[in-house]
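Chain by chain, the residues:
Number of protein chains: 2
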Amino acid sequence: MIEFNIINKDNKARRGTLKLQRGIIETPQFMPVGTQATVKALKPEDLSSAGASIILVNAYHLYIRPGLDLIEKFKGVHGFMNWKAPILSDSGGFQVFSLSSLRKLSEEGVTFSTPVDGGKKHFISPEKAIAIQETLDTDISMCFDECTPYPSTYEETKKSMELSLRWAERCKKAHIHKTQSLWGILQGGMFEDLRSTSAKAMNVLDFEGYAIGGLGVGEDKSATYKIINHTTPLMEEKKPRYLMGFGMPEDIIEGVNAGIDLFDCVIPTRNARHGKFYTSNGIIRIKNNKHRDETLPIDEKCSCYCCKNYSRSYIAHLLQCEEVLGILLGSIHNTHYYLNLMKNIRTAIENNLFLKFREEFYKSQILK
Amino acid sequence: MIEFNIINKDNKARRGTLKLQRGIIETPQFMPVGTQATVKALKPEDLSSAGASIILVNAYHLYIRPGLDLIEKFKGVHGFMNWKAPILSDSGGFQVFSLSSLRKLSEEGVTFSTPVDGGKKHFISPEKAIAIQETLDTDISMCFDECTPYPSTYEETKKSMELSLRWAERCKKAHIHKTQSLWGILQGGMFEDLRSTSAKAMNVLDFEGYAIGGLGVGEDKSATYKIINHTTPLMEEKKPRYLMGFGMPEDIIEGVNAGIDLFDCVIPTRNARHGKFYTSNGIIRIKNNKHRDETLPIDEKCSCYCCKNYSRSYIAHLLQCEEVLGILLGSIHNTHYYLNLMKNIRTAIENNLFLKFREEFYKSQILK
Numbered sequence: 004m005i006e007f008n009i010i011n012k013d014n015k016a017r018r019g020t021l022k023l024q025r026g027i028i029e030t031p032q033f034m035p036v037g038t039q040a041t042v043k044a045l046k047p048e049d050l051s052s053a054g055a056s057i058i059l060v061n062a063y064h065l066y067i068r069p070g071l072d073l074i075e076k077f078k079g080v081h082g083f084m085n086w087k088a089p090i091l092s093d094s095g096g097f098q099v100f101s102l103s104s105l106r107k108l109s110e111e112g113v114t115f116s117t118p119v120d121g122g123k124k125h126f127i128s129p130e131k132a133i134a135i136q137e138t139l140d141t142d143i144s145m146c147f148d149e150c151t152p153y154p155s156t157y158e159e160t161k162k163s164m165e166l167s168l169r170w171a172e173r174c175k176k177a178h179i180h181k182t183q184s185l186w187g188i189l190q191g192g193m194f195e196d197l198r199s200t201s202a203k204a205m206n207v208l209d210f211e212g213y214a215i216g217g218l219g220v221g222e223d224k225s226a227t228y229k230i231i232n233h234t235t236p237l238m239e240e241k242k243p244r245y246l247m248g249f250g251m252p253e254d255i256i257e258g259v260n261a262g263i264d265l266f267d268c269v270i271p272t273r274n275a276r277h278g279k280f281y282t283s284n285g286i287i288r289i290k291n292n293k294h295r296d297e298t299l300p301i302d303e304k305c306s307c308y309c310c311k312n313y314s315r316s317y318i319a320h321l322l323q324c325e326e327v328l329g330i331l332l333g334s335i336h337n338t339h340y341y342l343n344l345m346k347n348i349r350t351a352i353e354n355n356l357f358l359k360f361r362e363e364f365y366k367s368q369i370l371k
Numbered sequence: 004m005i006e007f008n009i010i011n012k013d014n015k016a017r018r019g020t021l022k023l024q025r026g027i028i029e030t031p032q033f034m035p036v037g038t039q040a041t042v043k044a045l046k047p048e049d050l051s052s053a054g055a056s057i058i059l060v061n062a063y064h065l066y067i068r069p070g071l072d073l074i075e076k077f078k079g080v081h082g083f084m085n086w087k088a089p090i091l092s093d094s095g096g097f098q099v100f101s102l103s104s105l106r107k108l109s110e111e112g113v114t115f116s117t118p119v120d121g122g123k124k125h126f127i128s129p130e131k132a133i134a135i136q137e138t139l140d141t142d143i144s145m146c147f148d149e150c151t152p153y154p155s156t157y158e159e160t161k162k163s164m165e166l167s168l169r170w171a172e173r174c175k176k177a178h179i180h181k182t183q184s185l186w187g188i189l190q191g192g193m194f195e196d197l198r199s200t201s202a203k204a205m206n207v208l209d210f211e212g213y214a215i216g217g218l219g220v221g222e223d224k225s226a227t228y229k230i231i232n233h234t235t236p237l238m239e240e241k242k243p244r245y246l247m248g249f250g251m252p253e254d255i256i257e258g259v260n261a262g263i264d265l266f267d268c269v270i271p272t273r274n275a276r277h278g279k280f281y282t283s284n285g286i287i288r289i290k291n292n293k294h295r296d297e298t299l300p301i302d303e304k305c306s307c308y309c310c311k312n313y314s315r316s317y318i319a320h321l322l323q324c325e326e327v328l329g330i331l332l333g334s335i336h337n338t339h340y341y342l343n344l345m346k347n348i349r350t351a352i353e354n355n356l357f358l359k360f361r362e363e364f365y366k367s368q369i370l371k
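From first to last, the protein sequence lines are chains G and Z. Every number in my numbering is 3 more than the matching position in the first sequence, counting from 1. Every number in my numbering is 3 more than the matching position in the second sequence, counting from 1.
Check each hint, because a few of them may be wrong.
Because identical chains cannot be distinguished in the list, a pair is counted as satisfied if it fits within a single copy or across any two copies.
[Unchecked claim] Lysine-lysine pairs mimicking DSBU-like chemistry, simulated, CA-CA at most 35 Å apart:
no., residue 1, residue 2
1, K311, K87
2, K290, K279
3, K78, K279
4, K203, K290
5, K161, K176
None of these hints come from the bench; they were simulated from the model.
Take these sequences, add in the hints, and give me the full structure.
Here is the structure:
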């Protein structure tokens, strides 16, 4: 059970609040990704300080490792990982399908193995994916779907999207714990009419929220944006809309502009590990020689723990020496950047200034 | 300039306070090792919470990377790494001599190269080692010495120890910044009479503190303990005594028992990275299957951030998934363990109960 309220609309952009089992989150919002029940390198306190109010975990990964028996002992993933605020679990459809050579798909579900646990055989059906997420006791669970490969023909995409629809119906039937909110995932690849069919059928199934899946799988950004802009208006206005696994800062701005409320992406922590940091003027690559002697922080305008206490040269030194603290400080900064971007987006929408904000964002990106 | 006061003596164990440029530290004390201007994986706040009051950095490593020009811009290593409490710098003699095939030793100093900076030629003399540490502006600097290889003959060890003595004299002459305290390092390998000669000559040179160097280089522990017990009584009673780079918990207890005041060792953070954790009952190896489903913390009696919030199974999961957070939490725990051990040692000495404490420590170590 959720309560979703739209406080203000600024063109298509929406400013809302989403009440979940464990707290209220402000939308548009970004969810740091904690695939393995840890947002890479960050303690829960680091996440909260950076502004995180909801994170994402991956049901498939946690089902394989450490396994559900253990997580049950903690009464769910919150207790296991010591995160008290809301969590959304991705069902893991995307991850199962990325094991392409090791999986076998049928109407019933997917049989697969993974080297991670020594190649044991597993079977996940829509019903099982729901049960797994109920054991995780996350605040939002996602339907189990087939992530259509890219590229795919129209016929392949149609067949795959229709299977995901049938699975969504089975997920809904299997869902028992109503304090957890179950959301549907729209598919349809790069074909607008298939996206339309998926969106309309999903609305009939009446989930509490909807996600756009199957994007960021290798297509051009223009194709991604086209599908986002086509699909979003077809998603029920009064329900939260989530763009899955996709987001450079500009993608988030385009998503919000289309009417998306929720985002997740591994980019902030992954880029931090590679020394790519977001600033109010664009990206800096800390391994570039010009930062080697720089006593200024990553971003002088940033109020994060990293920028308040450390210089670019110190972070560059740490990453050059392969020191864990470099990863940690960089992850704090990039996560803070994303969550602060969301805050600024929300303020802009509240003041009906989102289009101006968007324009100024692009103007500010002088570092590439 | 330092002030060292011995508050209580319990047999040979000493309970003291050591006033340095940036603060007072309680002795016996342990210094977490921050070779590259970072105690691996830990933020300064993590160190303080774990009870750290002084840390160690390595002058040789910082001279090579990031270089002194940069550290000068921060007016020393404190500003560079955001650590405000005292720091001891090791001169790096040990590290230079571990580059055995790349170095050339003369009366004047050592010429060497290292792959870390692409094989540039460097020259470090006693004078230069002092100047480097003055630039770092650490609270305690160490003489530049030759760490005698193990094994070495009597003649080789004598020659090496005498060179270190001549270098110590040159270090003392070169030392200008008297707010920084310069300490001498005793050598003499595994030969008691050479250790005696070194100790007596060092006392004449009148440093503010003394360290025992050249131990833990491959010899049996019985040999190490023999040299510690032989040498410590020869070191000036009223000055602080530091056992360099050596210390499992039992080694620290034996060192304190011999009259040592200060310790450093990479073991707590290194063992954390390998999943070896210290507890009040000895060591646990978290990768052992029996911890896989354990909801208890690493040590139920421990009050560190890790034990207050996380289970063994969660830490085991993180390390199995090679997640940075596992290294971080484990490093917090092991560092806290060491610093808490020192606290308990100090309390025992204050109450003239150190020998009883030592006995109980050995009895408690049922996990190996």
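We went through each hint and held it up to the structure:
no. : hint        : result
1   : K311 / K87  : both (26 Å within a copy, 15 Å between copies)
2   : K290 / K279 : both (8 Å within a copy, 33 Å between copies)
3   : K78 / K279  : between (37 Å within a copy, 27 Å between copies)
4   : K203 / K290 : neither (48 Å within a copy, 50 Å between copies)
5   : K161 / K176 : within (23 Å within a copy, 83 Å between copies)
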